[in-house]
Amino acid sequence: MNNKKHRPFALIFVVTTLLIGAATGAIFGERSVPDDEQELVLRASEIVTTLLQWLPEEHEPEDLVYDGIGGMLQVLDPHSNYLDPRSFRQMRAKQEGSFFGVGIIISRRNGNVTVISPIAGTPAAARGLRAGDIISAVAGDPTEDLNLDEVVDLVRGPEGTTVVLTIERPGFKEPFDVEIERTRIPQMSVPYSFLIEPDIGYIRLAEFSNTSTREVQDAIADLTSQGMKRLIFDLRNNPGGPLDAAVGVSDLFLDEDQLITSTRGRTPENNTTFRAPGNPAGFDGPLVVMVNQGSASASEIVAGAVQDHDRGLVLGEVTWGKGLVQTVFTVRDTGLALTTARYYTPSGRCIQRDYESFIDYVTHRNGNDTSTAEIYQTDAGRTVLGGGGITPDITVENRTLSESMVRLYSVSAFFRFAVEILAEVPEEQYGAFAENFEVNEELLDEFWTWLVEEEILEPEIIESFAEDEIEVADVIRSINVEVFNSTLGLNEGYQVALEGDDQMAQAIENLDAAQDFWTAFAEEHSK
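Residue numbering for the sequence shown follows the working numbering, starting at 71 and increasing by one per position.
If you are wondering where the hints come from, they were derived from the structure by calculation, not from laboratory data. Please note that the accuracy of each hint is not assured.
Said to hold, decoys possible - Label-pair distances were calculated between CB atoms; the ranges are:
1. 265 - 140: 43 to 49 Å
2. 477 - 571: 17 to 23 Å
3. 490 - 220: 41 to 47 Å
4. 244 - 582: 21 to 27 Å
The structure displayed is predicted, hence computed values, not measured ones. For each residue, glycine too, the CB sits at the ideal point set by N, CA and C.
Please model the entire structure based on the sequences and the hints provided.
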């Protein structure tokens, strides 16, 4: 029996003192350790030894220590965090922008570890893996009882080594093995960039990493060469990342030496300002930045800088409000992400919102309530609101999906139906198939029948569902998205998905207003 959830509060104190001992060298450097701290470390060691010896159930020592440290850090703030060896490796790989693997995007669909898409140009794509393939085993280990993180750990490994995946493919009677060599796989922080209209570019920055500035810069150059004059920059659901990346990305839109953000902490070294170095390869044109409640940290730094300098329009929802500076200290093969300061926008707004009430913090406040918000001014004298997070210039909320659509997505209905459609299509014919693909009345009827056969929706629900024009349009678009994802790639499927995005439609509509912002900005900074 595992008693992790019922461990006594005293354990948090025990592990707190352990942390002091473990991190002394890494955090305090040459600082001498006071006698009272050394005494705490010795006391902690004795208590943990006693716990491990006398607890009624056997526990792994590292489980007690890692969980206890995490519990201790929760009393400080919502974002200070202890990274065990596995989490620390993942964080470093994400920030470095690459890892060693085979090049597949996987998810658990209908209970199975399923390939969503092989990444173009990777060993997985070269070996013929395709969307809908079920990975039933990795190196002989069944995946049925493994979580996705455990599967990922098995697939990844040292560069140049091989891994055997056991594949179950729709239309094939028996599973088969595929041996794939591991290689360096880039983790792209810009998964999508394309022209929406001949002069309107779209760039989606999914997260910030050490490669983000270069990726956004390359996307700008590529779209500009195709005729882009105006840009929609999508930071929705971007959780943030390294400060250097936020500064580098902001610099692509600002003039040299403009303030991007400042930090304020307890010590002088944490009171710093960050200005635009002046990247000549940035974007010089009308700009709309899209944000929502999932935009946090580095995303808010970029959006705040664009807004405070009147460089472009910020559109969407009030952002999360995560403005705590995290300094990651290496403690042997683990990491301590410790809050050391707070971020402020150029106008002086603190990005971090109040976290006194944990429930309010994790559920996000009502962004429409601005009655107690502090007032600040942009460079041009416009009023912007403080109080945590970035309040957009134009508030747009996306339409909420119906209960039936949520049910369909929850069981991966559209993905599974697309896999069945493509089961008999040879991979070399994917392109031609997609070009001629259409969700007509006949295919829709097949879909409704399939939902009943798979016991996903009841016939009476489907009957009313099929009579709602908006619902039918959502269904058609969702089937198209999954078919295009599987045949032409995720970039093409994502473009179809954006056709039903209310915030995206408003971003396009407000590019004329962004043009006015750009004209005023250009005139002011040409003086």
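Checked hints:
1. The hint said 43 to 49 Å for the Cβ distance between residue 265 and residue 140, and at roughly 45 Å that hint holds.
2. Roughly 21 Å separates the CB atoms of residue 477 and residue 571, a value that falls within the hinted 17 to 23 Å.
3. In this structure the hint that residue 490 and residue 220 lie 41 to 47 Å apart at CB is violated, the actual value being about 28 Å.
4. In this structure, residue 244 and residue 582 break the distance hint of 21 to 27 Å, their C-beta atoms being roughly 59 Å apart.
This entry does not satisfy hints 3, 4, going by the numbered hints stated previously.
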